[in-house]
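Student: The listed protein sequences derive, respectively, from chains A and B.
When we follow full-length UniProt numbering, the leftmost residue of the first sequence carries the number 1, and every step to the right adds one.
When we follow full-length UniProt numbering, the leftmost residue of the second sequence carries the number 1, and every step to the right adds one.
Errors might be hidden in some of the hints.
Quick partial rundown of chain B residues pointing at chain A, CB under 10 angstroms, derived from the structure [said to hold, decoys possible]:
1) Lys150
2) Thr206
3) Ser207
4) Arg208
5) Met213
6) Lys218
7) Tyr436
No lab work stands behind these hints, which were simulated from the structure alone.
The beta-carbon is built from N, C-alpha and C at its ideal position, and this holds for glycine as well.
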Amino acid sequence: MSILKIDGVTKTYANHTALDNVSFEIPKGCIFGLLGPNGAGKTSLIRIITQITGADSGHIYFKGERLKPAHTKDIGYLPEERGLYKKMKVGEQLLYLTQLKGLSKEDAKARIKTWVDRFEIRDWLGKNIEDLSKGMQQKVQFVATVLHEPALIILDEPFSGFDPINANLIKDEILRLRDNGATIIFSTHRMESVEELCDNIALINRAQKVLDGPVKEVKDAYKTDTYQVIGNGKLLITSPDFHVVEQHDNHGIFRAHIRLLNNTSPNDLLRYLIQRVEVHSFVELVPSINDIFIQKVTEKHHV
Amino acid sequence: MSKIWLIIQREYLTRVRKKSFIIMTLLTPLLLAAFMVLPGLLITMSGETETVMVLDESSLFEGKLKDEKDLKFIPLSGSLELAKTVYQETDNTALLYIPKMSIDDPKGITVYGKKNTSLQTQVRLENVLEKEIENQRFLASGLDRATLDKIEAEVSLNTINLSDGGEKDNNAIVTSIAGVAGAVIIYFFIFLYGVQIMRGVIEEKTSRIVEVMISSVKPFQLMMGKIIGIAAVGLTQFLLWIVLSFIAVTAVSAAFGIDAAPSPAAQFAAGQAAAQGGQVTEEEESATVANAAAENEVANTITDVKQSFANLNIALIFGCFLFYFLGGYLLYGSLFGAIGAAVDNETDTQQFMMPITIPLIISFIMSYSVVLKNPDGPVAFWMSIIPFTSPIVMMVRVPFGVPAWELLLSMGLLVAGFVFTTWIASRIYRVGILMYGKKINYKELSKWLFYRV
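Construct the complete structure from the given sequences, taking the supplied hints into account.
Tutor: Okay, here's the thing in structure tokens:
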């Protein structure tokens with residue numbers, strides 16, 4: 001079941017098209033990577049989902065309903081450009097932002113209590129935001145984003161500005177929120193965190209959706225039946241069923257990337273190899289999201 | 001609705017708790033009290049009792065120079081040289097030498113002082129002597145002072161406004177003051193708090209909180225919440241100023257023995273009474289009559305002023321004040337908010353401030369120069385109808401009496417103007433708050449009005 005359905009969304013600004021008939025669905029309870037180069041239209045899409053702006057055409061459905069103002073309560077948004085009221089105390093600020101999401105004062109206070117303990121920021125509650133370090137401010141803002149326990153959490157570059165320790169804390173928190181049933185849209189350029197966290201992705205380039213789906217399926221779709229083999233011996237492939245993409249020899253140890261042709265299986269290749277050389281390692285070469293990203297983005301450029 | 005209420009609360013509370021707000025709110029009434037009390041205090045301090053030694057060789061003033069509160073006379077006898085020597089050895093202010101002379105030709109009266117005798121002392125002594133000489137001349141010619149005072153006439157004009165049916169007493173000065181005071185307050189309120197709206201918006205924009213806010217509330221709610229919240233701050237400040245000023249002035253006055261309410265008049269009357277108490281000579285009667293006449297005059301003036309105030313339709317003026325106060329603030333406040341949204345920092349606001357400040361300043365200047373002199377003239381009429389100038393100009397006109405239809409038209413247009421500027425402002429605001437790093441001009445702004453967001 002999808003929590004968010006984006007259906008033919010188009011958004012044009014005065015002189016350029018930010019989104020051109022974009023459609024995809026975001027399944028409930030997953031971490032969804034929204035990828036794309038700078039200026040692709042990610043922020044425009046996020047702003048439409050968070051109802052900061054409206055689409056020119058197309059619709060967005062949240063839990064099957066047309067997106068409406070009441071849904072802001074169920075959505076938490078951490079913008080890439082972080083910001084809080086500088087001269088406001090942390091506690092008051094959290095309370096204010098949470099109340100604006102529609103929580104009662106008592107509920108908001110109870111939530112703040114649990115969250116400040118989890119993030120160990122109880123001591124900061126009475127401090128003004130401007131007295132905190134940048135990293136601390138980011139932490140407070142992350143808490144402010146998830147405090148009302150929304151069903152959909154949108155994080156734009158959530159790890160920027162965090163040191164590795166706090167980045168890990170945030171990562172664990174994202175996973176925990178997912179396990180508790182929340183859906184997380186995760187917009188980033190950092191592909192290694194996408195590999196690590198995302199269940200599904202969508203790639204947007206030049207206002208259009210280029211691909212989307214579960215990470216595994218996307219990768220499968222982009223794999224080329226190529227295997228990396230490392231072994232001992234002199235490798236010389238003569239079969240027309242296998243194509244050597246590249247090969248390096250070093251003191252009798254070889255490393256080769258071999259592509260299967262003519263519907264052969266990896267076992268066929270393995271059998272073929274075993275008869276000729278000593279195989280130390282046999283691994284399928286799966287494209288990284290990074291590879292796919294670069295491939296899709298640059299290929300679009302050439303068209 | 002509850003969201004806008006939350007925003008109003010935040011805008012209000014964060015400002016009201018600011019140190020600068022508290023200091024301003026407390027300091028202003030104290031300054032006011034100080035300004036009220038200081039001049040009086042300074043006069044009392046400088047007004048030490050002056051003691052004048054008198055050598056009267058003419059014997060005309062023997063027993064006639066009466067001690068007053070801060071002016072005492074010490075009679076001397078003997079030669080002038082001796083008197084000078086005696087005077088030199090004392091701290092007394094001056095030595096008054098009256099040579100032998102006749103009442104018809106009072107010449108040669110001299111004042112010796114250690115420093116230059118102050119003009120004030122000189123004038124006082126002249127007055128005392130003149131009065132005494134006059135009295136003696138009256139006596140010589142068979143008239144007495146009391147008879148003369150009865151003859152003396154005092155005229156003060158009552159001006160009565162016959163328009164609008166009833167007769168109304170009216171005192172142009174009081175009327176002008178009531179209107180101008182209201183207009184001045186409105187003018188400053190719009191500026192002071194309008195700029196606060198602008199700063200608040202810029203702050204939200206530069207701190208980037210605005211994107212988070214707009215994902216929870218509508219831009220319009222954020223803007224109106226801010227405008228209303230700051231209006232509440234302004235009203236609170238004015239209310240506190242009124243209450244605290246009253247307390248401060250009362251307290252300070254009590255401490256320094258100055259009667260607060262009708263202070264100058266009462267002080268005057270009290271002074272007269274004290275002077276009167278000191279009169280114990282054969283002329284007591286005549287002096288009492290003179291004082292009574294003076295008191296009467298004072299009392300009349302007070303009644304005049306009071307009556308003028310009473311005849312100013314206080315309820316109408318106050319109602320109009322509140323209406324134009326809020327109407328003007330809302331009209332301009334939303335525009336200030338729009339400016340804040342259009343720029344990235346305060347230094348960029350200049351070019352957009354111009355069209356807002358010019359009508360305000362013009363209406364302020366015109367209020368003094370034209371409207372006050374001719375409150376029913378064409379300039380006054382048009383400026384009090386047009387929404388951008390009406391909050392200030394109409395306020396000046398109202399105490400002079402404005403036909404109901406003009407007032408209603410002006411109010412209606414002000415409401416319409418407020419709705420219009422708020423609409424414009426909200427269109428600019430919703431685009432501007434998410435726009436960064438772009439230098440905006442008027443052409444760009446006008447495009448924003450028709451953007452789809």
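Student: Now, for every hint given, state plainly whether the structure supports it.
Tutor: Now for the hints, and whether the structure bears them out:
1. Interface restraint check for Lys150/B: the shortest CB-CB distance to chain A comes to about 72 angstroms, outside 10 angstroms, so the restraint is violated.
2. Interface hint status for Thr206/B: upheld, as the beta-carbon distance to the closest one in chain A is roughly 8 angstroms, under 10 angstroms.
3. Because the closest C-beta pair between Ser207/B and chain A is about 5 angstroms apart, less than 10 angstroms, the hint holds.
4. Because the smallest distance between the Cβ of Arg208/B and any Cβ of chain A comes to about 3 angstroms, under 10 angstroms, the interface hint for this residue holds.
5. The beta carbon of Met213/B comes within 7 angstroms of a beta carbon in chain A, closer than 10 angstroms, and the hint placing it at the interface holds.
6. At about 7 angstroms, the closest approach between the beta carbon of Lys218/B and any beta carbon in chain A falls short of 10 angstroms, and the interface hint on this residue holds.
7. Of the supplied interface hints, the one on Tyr436/B holds, with its beta-carbon coming within about 8 angstroms of a beta-carbon of chain A, less than 10 angstroms.
The structure fails to meet hint 1 from the earlier list, while all remaining hints are met.
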